[in-house]
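Participant: As a plain string of letters, each chain reads:
Protein chains: 2
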Amino acid sequence: MEFKVDKGVLGEALALVSKAISNTAPIPVQINGVLINVRNDSVKLTGSDSDISIQKTLKVADEKNRLEVIDEGDIVLDARYLQEIVRKIDSSIITIEVIDGTFTKISGNKAEYKINGMRAIDYPNIDFNIDTDRYKLKVSIFEKIIKQTVFACSDKETRPALMGVNFKADGSVLTCNATNSFRLATKKVLLEDEMHFDITIPAKTLNNVASALVENLDFEMAIDETKVSFIFDDTIIRARLIDDVYPDVSRLIPASFMQTLQVRCRDLLDAVERTSFIKSEGKNVVKLTIDNTKLDISSNSQEIGSSHEELDIIEFIGSPITISCSGRYLNDALRSIGSEIVILNFSGELKPIVITEKDDDTLTQLISPIRGQ
Amino acid sequence: MEFKVDKGVLGEALALVSKAISNTAPIPVQINGVLINVRNDSVKLTGSDSDISIQKTLKVADEKNRLEVIDEGDIVLDARYLQEIVRKIDSSIITIEVIDGTFTKISGNKAEYKINGMRAIDYPNIDFNIDTDRYKLKVSIFEKIIKQTVFACSDKETRPALMGVNFKADGSVLTCNATNSFRLATKKVLLEDEMHFDITIPAKTLNNVASALVENLDFEMAIDETKVSFIFDDTIIRARLIDDVYPDVSRLIPASFMQTLQVRCRDLLDAVERTSFIKSEGKNVVKLTIDNTKLDISSNSQEIGSSHEELDIIEFIGSPITISCSGRYLNDALRSIGSEIVILNFSGELKPIVITEKDDDTLTQLISPIRGQ
Chain A
212 MEFKVDKGVL
222 GEALALVSKA
232 ISNTAPIPVQ
242 INGVLINVRN
252 DSVKLTGSDS
262 DISIQKTLKV
272 ADEKNRLEVI
282 DEGDIVLDAR
292 YLQEIVRKID
302 SSIITIEVID
312 GTFTKISGNK
322 AEYKINGMRA
332 IDYPNIDFNI
342 DTDRYKLKVS
352 IFEKIIKQTV
362 FACSDKETRP
372 ALMGVNFKAD
382 GSVLTCNATN
392 SFRLATKKVL
402 LEDEMHFDIT
412 IPAKTLNNVA
422 SALVENLDFE
432 MAIDETKVSF
442 IFDDTIIRAR
452 LIDDVYPDVS
462 RLIPASFMQT
472 LQVRCRDLLD
482 AVERTSFIKS
492 EGKNVVKLTI
502 DNTKLDISSN
512 SQEIGSSHEE
522 LDIIEFIGSP
532 ITISCSGRYL
542 NDALRSIGSE
552 IVILNFSGEL
562 KPIVITEKDD
572 DTLTQLISPI
582 RGQ
Chain B
212 MEFKVDKGVL
222 GEALALVSKA
232 ISNTAPIPVQ
242 INGVLINVRN
252 DSVKLTGSDS
262 DISIQKTLKV
272 ADEKNRLEVI
282 DEGDIVLDAR
292 YLQEIVRKID
302 SSIITIEVID
312 GTFTKISGNK
322 AEYKINGMRA
332 IDYPNIDFNI
342 DTDRYKLKVS
352 IFEKIIKQTV
362 FACSDKETRP
372 ALMGVNFKAD
382 GSVLTCNATN
392 SFRLATKKVL
402 LEDEMHFDIT
412 IPAKTLNNVA
422 SALVENLDFE
432 MAIDETKVSF
442 IFDDTIIRAR
452 LIDDVYPDVS
462 RLIPASFMQT
472 LQVRCRDLLD
482 AVERTSFIKS
492 EGKNVVKLTI
502 DNTKLDISSN
512 SQEIGSSHEE
522 LDIIEFIGSP
532 ITISCSGRYL
542 NDALRSIGSE
552 IVILNFSGEL
562 KPIVITEKDD
572 DTLTQLISPI
582 RGQ
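Chains A and B are the protein sequences, given in the same order. Following the numbering used here from start to finish, the first sequence increments by one per residue and tops out at 584. Following the numbering used here from start to finish, the second sequence increments by one per residue and tops out at 584.
It is possible that some hints are incorrect.
As the list claims (entries may be wrong) - Pairs of lysine-lysine, DSSO-like flavour, derived with a Cα cap of 30 Å:
{"hint": "1", "chain 1": "B", "residue 1": "Lys490", "chain 2": "A", "residue 2": "Lys316"}
{"hint": "2", "chain 1": "A", "residue 1": "Lys321", "chain 2": "B", "residue 2": "Lys321"}
{"hint": "3", "chain 1": "B", "residue 1": "Lys321", "chain 2": "A", "residue 2": "Lys299"}
{"hint": "4", "chain 1": "A", "residue 1": "Lys349", "chain 2": "A", "residue 2": "Lys399"}
{"hint": "5", "chain 1": "B", "residue 1": "Lys321", "chain 2": "A", "residue 2": "Lys505"}
{"hint": "6", "chain 1": "A", "residue 1": "Lys255", "chain 2": "A", "residue 2": "Lys498"}
{"hint": "7", "chain 1": "B", "residue 1": "Lys490", "chain 2": "A", "residue 2": "Lys321"}
{"hint": "8", "chain 1": "A", "residue 1": "Lys498", "chain 2": "B", "residue 2": "Lys321"}
{"hint": "9", "chain 1": "A", "residue 1": "Lys299", "chain 2": "B", "residue 2": "Lys498"}
Quick caveat, the hints were computed from the structure, so don't treat them as lab data.
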C-alpha cells in the first residue's frame with residue numbers, strides 16, 4: 212500500500228473522521244485507529260466507535276487532493292500519531308507506505324516516520340451503502356436546526372430519548388424538539404418535498420454533523436431501522452438512532468399568554484451574562500421583574516453576593532410580573548435567537564417562560580421557572 | 212471607603228496582583244483576597260501568599276487611572292469575583308463603595324453588584340518599605356536573563372536551591388545559573404555599576420516579575436537578608452529568596468571541545484519539534500549523528516515508532532559523533548537562542564552537549580547526554 216496526498220487535505224480529513232473515534236469503541240482496533248482503504252481511484256478514511264462512523268473519500272479525480280495511488284491496500288493507523296505527523300511534517304505532499312506487514316512509513320521532504328499499524332482485517336465491517344430513501348436537505352436550514360435545539364438536550368443517561376433531538380416529519384412540516392425536561396427548544400421547518408419520519412438523533416452525532424457541514428452545499432439524509440446517514444459529496448456520517456420513544460412535548464407550550472415583553476436581545480443577553488458568576492451551590496438564578504417601563508434583572512447568592520441591573524424595554528403588555536429562572540438556560544435560549552428583538556411570553560410566575568423571535572415564528576424556547584426566589 | 216477608577220486600569224492591576232494570590236497562603240484572608248487601601252491621593256492593591264507579594268499603586272495624579280477618591284478606607288475583596296465583575300461590567304468607570312461593614316457595592320452604568328468583603332485588619336502587614344541598597348536594572352536585559360535561564364530550573368522540592376535562578380554579582384559581572392542537574396543554563400551580563408550579591412530567586416517569582424515588566428522601563432532591585440524586591444514605577448514585587456546554598460556549577464562547563472557543529476537554529480528546532488511525539492515511557496529522546504556533510508536526527512520508541520530526518524549543516528569540525536539527549540531539553544535550549552546560527556559543542560558521546568550562540572558568548576546551555584540509545 213502506498214499513496215501520496217496533499218498535507219492539508221489529509222489533515223482535514225483526519226480531523227473529521229477522528230470525531231468518530233473514541234475510547235468507548237467496542238473493538239480495540241477502533242480505539243484511536245483510522246482505517247485507510249487505498250484503491251486505484253481513491254483513498255477512503257474511516258473512523259468509528261460503532262455508535263457513530265465517519266467515512267471520508269479522497270478521489271484521485273479531485274485535483275485539490277493531489278492524490279497519487281502507487282499501490283492498493285488497507286491499513287489501520289493510530290489517528291493521533293498520524294495527525295501529529297501530518298501537523299508537523301514540513302512538506303506539502305505526504306507519502307504513506309506500508310513497508311512490512313503493518314509497519315508503515317510516513318514521509319515528506321527530508322523527514323520520515325515509521326509507525327506500527329494495525330491489520331485492516333481486524334477492523335469491523337461498517338456498511339456505508341445506503342439503499343433506503345434519501346431526503347435532500349439544505350445545509351443552511353440544518354445548521355440552524357442544530358444551533359437552535361441541540362443545546363437543550365439532556366446529558367443524563369437516565370432518559371436516553373432526551374439525549375437527542377427528535378426530528379418528526381409529518382408531510383410538509385419538520386418539527387425538531389430538544390428537551391431535558393426543564394427546558395424545551397422547538398424548531399419548525401417547512402419542507403419542499405413530502406417527508407415522513409419520526410427519529411431521535413443523538414446530540415453528539417448532530418454536533419459532529421455540524422462540524423462536517425460545508426456552507427452552501429446540500430446533502431442527503433437516509434433513514435433505516437436503527438440508523439441515520441448524512442451523505443455529503445465525499446463524506447458519509449452514519450450514526451445509531453436513539454431507540455427510545457420520544458415524549459409528546461407539544462402540549463407543554465401554552466397557546467396564549469398573560470404577559471408579553473419585547474426587548475433588544477443583545478441587551479438582555481449581556482445583562483444575563485453579567486450575572487453569571489453569582490452562583491448558589493453552583494447554579495446561577497436570574498430574577499426578572501418587569502413592568503410597563505423597565506426590566507429589572509437581579510441575581511443573589513449567600514456565598515458571593517448579589518447583582519442588579521435595569522434594562523430599557525421596547526414594549527410590555529400585561530400586568531407587572533416577577534419570575535426567576537436558570538441564568539444558563541436563559542443565556543442559551545437567547546443565544547439561539549437570530550432576530551434583533553426577542554419576545555418573552557409569560558403566564559404567571561409559576562408557568563414556563565416562552566421565548567420567541569420577533570420576525571420568525573418557527574422557533575420556540577421554553578424555560579421552566581424556579582419558584583420562591 | 213469609596214472610589215471611582217478606570218475599568219481597564221483596575222482590570223490590569225487586579226490581573227497583576229492576582230499572580231501573587233494562591234491557595235498556599237497561610238492566612239485565610241489572603242486566599243483569593245485582594246487588599247484595597249484607599250487614601251486621598253491613591254488606591255493600593257495588594258496580593259500576597261507570603262512567599263510573594265505584589266503591590267500596585269494607582270495614583271490620583273496619574274490621569275490615565277481616572278481615579279477619584281470619595282472616601283478613604285480599607286477592605287479585602289475576593290479577587291476572582293472582583294475580576295469577573297470588572298471584566299463584565301458595561302462601563303468605562305467603575306465605582307467601589309463599602310456600604311455596610313465589609314459589604315461592598317461595585318457598580319458601573321446601570322449594573323451593580325454587592326459582594327461580601329473581608330476585614331482589612333485581618334490581612335497580614337506586609338512591609339513594602341525598602342531601606343537597603345537599590346540596584347538599577349534594564350528591563351531588556353532582565354527579560355533576556357529570565358527567558359534564557361528560568362526554564363532550566365528544577366521543579367522538584369527535594370533540592371530547593373535548584374528551584375530558582377542563582378544571581379551572582381561579582382563586581383562588574385552578573386552570572387545567572389539555572390539547573391535541574393541534568394541541564395544547565397548560564398547567562399553572563401556585564402554590569403554598568405559595581406554590584407555584589409549572591410542570591411537565588413524562585414523561578415515562580417521570576418515568571419511573575421517577567422509578566423510585570425513593561426518594555427523600555429527600567430526598574431530597581433533591592434536585596435535584604437531573606438527577600439528581594441523589584442521596584443517599578445507603580446508596582447513592587449517582593450519575594451522570599453531561596454534559603455539554601457547554590458551548588459558551584461562553573462566546573463560543569465568544559466573549557467575545550469572535541470567537536471563543534473554550526474547549524475541554522477530554526478532548522479534544528481523545527482526538526483527536534485517534529486520528533487517530539489515519539490516518546491518512550493513519556494520521554495522523547497533525540498539521537499544526533501553528525502559528520503562533515505550532514506546532521507542526522509532520529510528518535511525511536513517501541514510503542515509508537517521512529518522518526519528520521521537529515522539536516523544540512525553550516526560547518527562541522529572534529530571526528531564524526533553520535534550522541535543522544537532529551538528532545539525537550541534540546542528544544543528548550545534552542546528556543547533560548549537569539550542568533551540565527553547555533554553552535555553545538557561536544558566532547559565525546561558521554562560528555563555534556565554545550566550550546567552557544569554564534570554572535571554572543573554570554574549564553575551557555577548545557578545538556579547531559581543519554582547513554583546507550
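Participant: Failing hints, ascending?
Facilitator: Of the numbered hints, 2, 3 and 6 do not hold.
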